[in-house]
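> Spelled out, the chains give:
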Amino acid sequence: MMQSFYKIIYLLLILSSTYLSSQLRIEITGGSDEPIRVAMVPFEWKLNSAPSHYLHEIVKKDLESFAEFAVLNPEDMLSYPSLEEEISYRDWRLLKVDYLIIGSVLKSEIEGEVNIAYSILDVSRRKNIHKALIKGSVKSLKRMGHNISDRIYHKINGIPGIFSTRIAYVDKPLSDADSYDLRITDIDGDGDLSLFKSNQPILSPDWSPNGKEIAYVSFEEGTSRIYIQELATGNRRALKRERGINSSPSWSPNGNYLSAVLSKGDNPDIYLYNLRSNAWTPLTGHYGIDTEPDWSPDGKSLIFTSNRSGSPQIYEINISSMRIKRKTFEGTYNARARYLPDGKNIIYVHRRKGVFHIALHNLRTGKISILTDTFLDESPSVAPNGNVIIYATKDRETDTDILAGVTINGKTRFILPSVSGGAREPAWSPILDKY
Amino acid sequence: MTLFQEFLALVAIICSLSACTNTTIERTSDATAVPAIATSTYSESSLASSSTVYFSYDNYNINSTGSEKIKSLASIVKENGLNVRVEGHCDERGTREYNLALGEKRANAIAELLIINGVSSSNITTVSYGEEKPESRGSNEKSWSKNRRALIKTS
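Protein sequence lines, in the order shown, are assigned to chains A and B. Start counting at 1 in the first sequence, then tack on 659, and there's your number in the numbering used here. Start counting at 1 in the second sequence, then tack on 2, and there's your number in the numbering used here.
None of these hints come from the bench; they were simulated from the model. Take these hints with a grain of salt, some might be off.
Unchecked claim - Sample of chain A residues facing chain B (criterion: CB under 8 angstroms; computed from the structure):
(1) S857
(2) G893
(3) L898
(4) K899
(5) E901
(6) L931
(7) N933
(8) L934
(9) S955
(10) P956
(11) N1004
(12) I1029
(13) T1033
What the hints assert, rightly or not - The calculated label-pair distances, taken between Cβ atoms and stated as ranges, are:
(14) B:K80 to A:P832: 19 to 25 angstroms
(15) A:D1032 to B:G140: 20 to 26 angstroms
(16) A:N937 to B:S157: 55 to 61 angstroms
(17) A:V797 to B:S147: 27 to 33 angstroms
Unchecked claim - Now the stretches of chain B that chain A is said to cover, found in silico as 3 or more residues with beta-carbon under 8 angstroms:
(18) 67-75
(19) 85-98
(20) 117-131
(21) 145-154
Backbone N, C-alpha and C define an ideal beta-carbon position, used for all residues, glycine too.
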């Protein structure tokens, strides 16, 4: 009796609720791909308290983030099954749904915990393709929702979902010239938090491979220096400082080293920093500018920017053989490259006709695709599934620094407007919530 | 240790102390990592005077106006036994880290010219701020030309 009463209240709440306003604004530009059509039936709620979040709303917002999916609204559904035997596949075929998600939120024997049981069904094949039971705290319902989104994304698209990841960025409010704030936010714009504030510049944040620390550059001592901050405690430690530039940290995939830039040899070169022995070792020694190193996913090489040929271009160095190879030949400004997780593609800042774009470059075929058409694009960072890029750009109308994004196929573009009018230097976290 | 280096060291100590004491832990209800805020403030010394040399785009060559300025500045520095801090700056175009490197090339070019004109290298410190501290806001050549500069501060 009590249970069915809650069920009615729950359904009424679902049908009348409006979606939370998102900070992530999406604008789809071109592309003829039909999004994958998904229906997620509001999960049956078997708890005696009202839900703090609706899982189907969280999942809808997540899956539609990059326009790859279209998620059916509950009011357009013809039936509301929560068990596999209650499914009428005809209903879902009629609604042209490709995948159906059903489930229940169940009481746990542990106080304050819930169990979520759900299934993903392929409508055309009438087949259950994924069945899972996940456990967590009632308070972490939102996080569990993102986790379910990640699993759905993975099962349908074959690559990991990124809805539990975060983005680090530097905020410099328009209103205050001497305020720099290193912040992190969930990718949906929630949970925005300050990590470190200073009245001197902060730049180049980079996540440790385990997602627990961030390395960045701070000018708090009047010159550049690299710091590592632990997220859980806020504790900071400084790397051994050398004369001149100390900048551009990039974590090795095994977490034992940072590559970075020092200019103690009178010009900027790439160095390795051993995090155990706190010792610097030079990797390059050219009289030109060598900067912006990024580690290949297999840890065997680094790409970096060098002007040794007269203009900034991308080079790759093999760490064991120390052999250096030039990778870019098109244009006179190619800089700040980042590997995609496959190690076969890189993205970088590419100048064409005086305008700075983000370009995707296939290292095997040499094919270059321009992904962005915004103004003064820089600081590209790749999502850990390799499917989305976030970068910093200028909003010409308001003349403010904003973060923008694009899917790797160039079809979906979005912006992350900042409250203060000064977001820059985005860095996408690794996968944080493993499933 | 020069007076200026002593000052920097003192500032560094104060900064590191304040960074520690201001560290607070903010707990959030629903996150594995609980970030904490740290803060730092660095105050620049009240340096007596400064002069500016401007550069052309993606370049660290000093033009004739600039070198004349450095020559006369060098003699003042020598006569009065001053310390010099050279800051290299860039416009916003291009990447931040590349601009940090370019800013240092600009600062070093000034430092070298000061040394050629008789200033002792031990009296010179250089720092690059890249594109982080623009003189003029705005995404146009008028602002950019003001931002491609080296500031020579004496004390």
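> Please go over all the hints and tell whether each is borne out by the structure.
Hint check:
1. Evaluation of the S857 of chain A hint against chain B yields a held restraint, the C-beta minimum of about 4 angstroms falling below 8 angstroms.
2. Restraint check, G893 of chain A versus chain B: the minimum CB separation of about 2 angstroms is within 8 angstroms; hint holds.
3. Taking 8 angstroms as the C-beta contact cut-off toward chain B, the hint placing L898 of chain A at the interface is violated, the least distance being around 14 angstroms.
4. A hinted interface residue such as K899 of chain A counts as satisfied when its beta carbon comes closer than 8 angstroms to some beta carbon of chain B; here the least separation is about 14 angstroms, so the hint is violated.
5. Look at E901 of chain A: its Cβ only gets to about 13 angstroms from chain B, farther than 8 angstroms, so that hint breaks.
6. Hint on L931 of chain A is violated. Least Cβ distance to chain B is approximately 17 angstroms, over the 8 angstroms limit.
7. Annotation: interface hint on N933 of chain A violated; nearest CB of chain B at approximately 21 angstroms, more than 8 angstroms.
8. The beta carbon of L934 of chain A comes no nearer than 19 angstroms to any beta carbon in chain B, farther than 8 angstroms, and the hint placing it at the interface is violated.
9. At its closest, the beta carbon of S955 of chain A sits 18 angstroms from a beta carbon of chain B; the interface hint therefore is violated under the 8 angstroms criterion.
10. Using the Cβ-Cβ criterion of 8 angstroms, the hint placing P956 of chain A at the interface with chain B is not satisfied: the shortest such distance is roughly 21 angstroms.
11. For N1004 of chain A, the interface hint is violated, since its Cβ never comes within 8 angstroms of a Cβ in chain B; the closest pair sits about 19 angstroms apart.
12. Proximity of I1029 of chain A to chain B is violated relative to the hint, the smallest CB-CB distance being about 16 angstroms (cut-off 8 angstroms).
13. Among the interface hints, the one on T1033 of chain A is violated; its C-beta lies about 12 angstroms from the nearest C-beta in chain B, farther than the 8 angstroms criterion.
14. As the Cβ distance of K80 of chain B to P832 of chain A is approximately 43 angstroms, the hint placing it in 19 to 25 angstroms is violated.
15. With their beta carbons about 22 angstroms apart, D1032 of chain A and G140 of chain B fall inside the hinted range of 20 to 26 angstroms.
16. A hinted range of 55 to 61 angstroms for the beta carbons of N937 of chain A and S157 of chain B is inconsistent with their spacing of about 33 angstroms.
17. Separation of V797 of chain A from S147 of chain B is about 59 angstroms and departs from the stated range, judged on CB atoms against 27 to 33 angstroms.
18. For the segment 67-75 of chain B, the stated coverage by chain A is not satisfied: 0 residues place a CB nearer than 8 angstroms to a CB of that chain, which falls below the threshold of 3.
19. For the segment 85-98 of chain B, the assignment as covered by chain A holds, since 5 residues bring a beta-carbon within under 8 angstroms of that chain's beta-carbons and 3 suffice.
20. With 4 residues bearing a CB less than 8 angstroms from a CB of chain A, the segment 117-131 of chain B meets the requirement of three and the coverage assertion stands.
21. With 0 residues having a beta carbon nearer than 8 angstroms to a beta carbon of chain A, the segment 145-154 of chain B misses the requirement of three or more and the stated coverage is violated.
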